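Asker: Counted the way our numbering counts, the sequence shown spans residues 1 to 693.
Take the hints with a grain of salt, since some may be wrong.
As the list claims (entries may be wrong) - With a Cα cut of at most 27 Å, we get these calculated DSSO-like pairs of lysine-lysine:
no.	residue 1	residue 2
1	626	336
2	241	138
3	183	58
4	626	572
5	560	572
6	515	481
7	336	325
8	665	626
9	572	660
10	369	325
11	576	626
12	522	572
13	34	58
14	560	518
It should be emphasised that the hints constitute simulated quantities derived from the structure, not laboratory data. Note that the structure is a prediction, hence the values are computed from the model and not measured.
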Amino acid sequence: MKTKALCYLTLWITLLLISSLSGVKAQISPDLFKSFTYRNIGAFRAGAWVGDIAVPEKPDEANRYTFYVALRAGGVWKTINNGTTFFCITDELETTSIGAVEVAPQNPEQLWVGTGEAFNARSSYAGNGIFRSDDGGKSWIPRGLTNSHHINRIIIHPQNPNIVYVAVMGHLFTPNEERGVFKTTDGGETWEKILYINEHIGVIDLVMNRSNPDVIYAASYEKYRLPWTFEPAGQGSRIYKTTDGGESWDILTNGLPQGEIGRIGIDIHRANPNILYAVIQNLNPDPNFDLSKMRQTDANIDATYDALIGGEVYRSDDAGESWRKVSDENTDVSGKAAYSFNQIYVDPVNPENVYIIGVSMFYSFDGGKTWPQGWRSRDRFVSNFGDVRCFWIDPEDPRHIKLGSDGGIYSTWDQGLTMNHYYHLPGGEVYDVEADDSQPYNVYLGLQDHETWKGPSNNWSGAIGPENWVITGEADGMYTKIDRENNRWLYYTGQLGLHNRVDQLQGTRQYIIPKAEKGEDKVRFTWTTPLEISPFNNSVIYTGGQHLHRSMNRGDTWEKISPDLTTNDPEKINGKGHMQYCAISAINESPLEAGVIWVGTDDGRVQLTRNHGATWEDLTDRLHEKDIPAELYVTRAVASAFNAGTAYITKSGFRNDLFKPFIYKTTDYGASWTSITDGLPDSPVSALCEDPS
Numbered sequence: 001m002k003t004k005a006l007c008y009l010t011l012w013i014t015l016l017l018i019s020s021l022s023g024v025k026a027q028i029s030p031d032l033f034k035s036f037t038y039r040n041i042g043a044f045r046a047g048a049w050v051g052d053i054a055v056p057e058k059p060d061e062a063n064r065y066t067f068y069v070a071l072r073a074g075g076v077w078k079t080i081n082n083g084t085t086f087f088c089i090t091d092e093l094e095t096t097s098i099g100a101v102e103v104a105p106q107n108p109e110q111l112w113v114g115t116g117e118a119f120n121a122r123s124s125y126a127g128n129g130i131f132r133s134d135d136g137g138k139s140w141i142p143r144g145l146t147n148s149h150h151i152n153r154i155i156i157h158p159q160n161p162n163i164v165y166v167a168v169m170g171h172l173f174t175p176n177e178e179r180g181v182f183k184t185t186d187g188g189e190t191w192e193k194i195l196y197i198n199e200h201i202g203v204i205d206l207v208m209n210r211s212n213p214d215v216i217y218a219a220s221y222e223k224y225r226l227p228w229t230f231e232p233a234g235q236g237s238r239i240y241k242t243t244d245g246g247e248s249w250d251i252l253t254n255g256l257p258q259g260e261i262g263r264i265g266i267d268i269h270r271a272n273p274n275i276l277y278a279v280i281q282n283l284n285p286d287p288n289f290d291l292s293k294m295r296q297t298d299a300n301i302d303a304t305y306d307a308l309i310g311g312e313v314y315r316s317d318d319a320g321e322s323w324r325k326v327s328d329e330n331t332d333v334s335g336k337a338a339y340s341f342n343q344i345y346v347d348p349v350n351p352e353n354v355y356i357i358g359v360s361m362f363y364s365f366d367g368g369k370t371w372p373q374g375w376r377s378r379d380r381f382v383s384n385f386g387d388v389r390c391f392w393i394d395p396e397d398p399r400h401i402k403l404g405s406d407g408g409i410y411s412t413w414d415q416g417l418t419m420n421h422y423y424h425l426p427g428g429e430v431y432d433v434e435a436d437d438s439q440p441y442n443v444y445l446g447l448q449d450h451e452t453w454k455g456p457s458n459n460w461s462g463a464i465g466p467e468n469w470v471i472t473g474e475a476d477g478m479y480t481k482i483d484r485e486n487n488r489w490l491y492y493t494g495q496l497g498l499h500n501r502v503d504q505l506q507g508t509r510q511y512i513i514p515k516a517e518k519g520e521d522k523v524r525f526t527w528t529t530p531l532e533i534s535p536f537n538n539s540v541i542y543t544g545g546q547h548l549h550r551s552m553n554r555g556d557t558w559e560k561i562s563p564d565l566t567t568n569d570p571e572k573i574n575g576k577g578h579m580q581y582c583a584i585s586a587i588n589e590s591p592l593e594a595g596v597i598w599v600g601t602d603d604g605r606v607q608l609t610r611n612h613g614a615t616w617e618d619l620t621d622r623l624h625e626k627d628i629p630a631e632l633y634v635t636r637a638v639a640s641a642f643n644a645g646t647a648y649i650t651k652s653g654f655r656n657d658l659f660k661p662f663i664y665k666t667t668d669y670g671a672s673w674t675s676i677t678d679g680l681p682d683s684p685v686s687a688l689c690e691d692p693s
């Protein structure tokens, strides 16, 4: 360790000498930096969205302690020592977003991975098809379906590994034909679309009768997602059955609800395949709902959702010919985000034991008659993080369960009475990274589902561990900004407009959320609300709803310094699905000229003030490219540190199914713009920074 440190010190001294010779700025060769490597410094206790778990069905000695974990935004991770350590096996793939992973039943070395997460959330990352590995993940073969975007389930024939079925939801925001159920009989060389409803409806779940692999059940899902709204249900959400390997399909309706149906999850009992369970998000009106009575007991009721029936469980004992509802009228087993969860699992030995994953875990040990709900009212799955997204039951010992949630991967050997958390799986989703000017400097992270964190870049021993990291903020951590004058004041934002100020000297935290005045429209915030500190006055901070807000006293009070800078489209600001739209998404003040502030919005507007907000200029049309929608989400506005009239704007076409980079540069305060994307890959741009040198 001392030798390595001395080498680094010697290198830096050498570089300083080279750069100072004769007062000439020397060209430093990139080769000098090859000895430097990245290391993981934390935060170590943060989890991630786990999308799928795969365990070898018949492991040989080499795979006895092997299982795989798929992250929605972090690739596939493998353990060969039952979770003691994990390593990523998909770095060579062009995407890190994984929807499904499956191990061939007869060959523990053969893996199939479907890319593109399956959660239908606000920002479900797209994939680039399906891949196969024949050596336990050491190498990968592309197997097509590149336009599927979101693969939700993979089923491999129990006797013939060349026969594979894939459930595809398709594009998140736009219609496309590569959705439904696909089948290959030659290991992925060719695919046949064996179930297709239309260009709007995909397939979200798929199960097979392992005793008769030609019998397959599929759950279709009709939903509509636009950048500003989400319709989570439709007439096309159904359960389909084939008895001939997909040559023909029947819609199962006997005893099942019709109409506005959301996400459906299905499972088949392993020992008796005539028994099936389905969890159905029934979004038809609830005939028993009485809004006036509900308001007397719950002032925060969501009348739009609570007036609907909600999650129900149905059971079939005759291979899907008929169904009966087994959940009671008072239990909504789906919850309000069923589009992102709503999967059901039946114990492979005892068909009376059923589990439903969601924001909260539901389980029934009496065939669906009773469902302990809520962490406080149940005795199992209490210590694991919520938002459970995948589930695996050991077919040899059903007490052994693995589950994945937004908190990472967990296992239990006593049917959920106690839980083991593999918290060292490094899959945290970081929105923003900041550093202060301490010695050594501290690093600040905003993490999806896991607060904001602070940790050192180094310490006296050179080692950084979990004990060195502290939580500085609550909820979903987004942006963190540090007052660099003395590193005392820390500001952070959380989801949909949460604002906090932290006094790191006193150890106190205070909400500083801008509020609308009485009679005004509520402040609309994006999911990741921007916040900036003025480079000219550390007491001045900016944030944005539909207006730009400024505080002159570190957030104690706020003032609006702009009109509505968005399109203020009535249709878009009233979108469904707990979403806010037409809001500011990017803010940056010039470090060279006070009062020059660049602002971007989630509906594509680019605005500039050169006088602290007294007047504004809409620059949107000047950087609008032909045939490119003007409403693309502005992800960054970056003011140059070298010229006050120079700035950069990045836009993302992700929400419009435009997977291309959009970066624009101006050198004349926005009078003209140039696209600067030559050489970049076809991928949306989320961030950009200017080289400070």
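Asker: Please go over all the hints and tell whether each is borne out by the structure.
Answerer: Each hint tested on the structure:
Of the pairs offered as hints, the one joining residue 626 and residue 336 is violated, with about 40 Å between alpha carbons and a cut-off of 27 Å exceeded. Among the hinted pairs, residue 241 with residue 138 is inconsistent with the structure: their alpha-carbon atoms are about 36 Å apart, more than 27 Å. Between residue 183 and residue 58 the CA atoms are separated by roughly 24 Å; this keeps the pair inside 27 Å, and the hint holds. The straight-line distance between the Cα atoms of residue 626 and residue 572 is roughly 23 Å, inside the 27 Å bound, and the hint therefore holds.
Restraint check: the Cα-Cα separation between residue 560 and residue 572 comes to about 22 Å, which is no more than 27 Å; the hinted pair holds. For a cut-off of 27 Å, the pair hint linking residue 515 to residue 481 stands: about 21 Å separates their Cα positions. Taken as a hint, the residue 336 and residue 325 pair is honoured in the structure, with Cα atoms around 20 Å apart against an allowance of 27 Å. A hinted pair counts as satisfied when its Cα atoms are at most 27 Å apart, and residue 665 with residue 626 qualifies at roughly 17 Å.
A threshold of 27 Å between alpha carbons decides the hint, and for residue 572 with residue 660 the separation of about 24 Å falls inside it, so the pair holds. Distance check on the hinted pair: residue 369 and residue 325 sit about 10 Å apart at the alpha-carbon level, within 27 Å; holds. With a CA separation close to 30 Å, the supplied pair residue 576 and residue 626 exceeds the 27 Å bound. Taking the CA atoms of residue 522 and residue 572, the gap is near 15 Å; set against the 27 Å cutoff, the hint holds.
Note on residue 34 and residue 58: the hinted pairing is violated, with a Cα-Cα distance of about 43 Å set against a maximum of 27 Å. Proximity of residue 560 to residue 518 is assessed by CA-CA distance (about 14 Å); at most 27 Å being required, the pair is judged to hold.
Hint violations for this structure: numbers 1, 2, 11 and 13, all remaining hints satisfied.
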